[in-house]
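I would like the entire structure built from these sequences, with the hints used as guidance.
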Amino acid sequence: MALPVLNAKTFEVKQPSTGDKITLRPFLVAEEKILLQVAEGTAGEMSEAVKQIIRQCVQGKEDLDVDSLPSFDIEYIFLKLRAESVGSNIDLLIPHKPECERTEYKLDISKVKVNFDEGHDKKIMLDKKVGVIMRYPNISMLGEIAEKDDETDQSFDLIKQCIEHVFTADGEMHSFGDASDKEKEDFIDSMSTDQFMKMQEFFTTMPTLSHVIKIPKCVTCGQPFEHTLEGLANFF
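Position in the sequence shown (first residue = 1) + 111 = my numbering.
Incorrect hints may appear among the rest.
Claimed, not checked - Here are the in silico distance ranges between beta carbons for each label pair:
1. 311 with 128: 17 to 27 Å
2. 281 with 198: 27 to 37 Å
3. 143 with 219: 19 to 29 Å
Keep in mind the hints are simulated off the structure, nothing from the lab. All values reported here derive from a predicted model rather than from experimental measurement. Note that beta-carbon positions come from the ideal geometry of N, C-alpha and C, so glycine has one too.
Printed below as a string of structure tokens:
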């Protein structure tokens, strides 16, 4: 006779980028093993592990393309998974001044959210006639770009991968993904400095998983201070 299967509870998370509800189950021992295997791994290995765990925990939405989700969606969903599976309180050591010891702080990650910039827009007009529609970078894309040493190369590659469409005031719409690499590079190279800065602003104002911690008293100097946690790695 086969052993009985244990049924895990489920819970809902609202996907930050779309507002859609996703049903998940908490971590099981199988997912804990995945985390342990990559605990000392690279950022890329950890990103792949996080995506694998989300795939395994999603319930009733097999068509969800985890690989294409924006990085902040992945980070938020995983943080909610961690809160439901292991508990919402985590102990952190928060840095202050270089000469100060880190201050202990207990964070309730259930209160952490994705923050949206009021003026942020995926549609960017480069001039009066031509504009672009952007897509948010996924977590794998950010990991690959972070490995590049040159900041200019990082910016160029990020823009190249995140332009979804190019459109004109006349109503023409062109899929950027259908263009050749040379056409993409020529299009970006033809931008003025101001236009390129508009593109970079898209990434600096895009939604982020972040939380401001207010420390009433530094353990070393006794002064109050604030510290911002941003991105999944900062919360562990």
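Comparing the hints with the structure gives:
no., hint, verdict
1, 311 with 128: 17 to 27 Å, "holds, 20 Å"
2, 281 with 198: 27 to 37 Å, "violated, 56 Å"
3, 143 with 219: 19 to 29 Å, "holds, 22 Å"
In this structure, only the earlier hint numbered 2 is contradicted, and the remaining ones agree with it.
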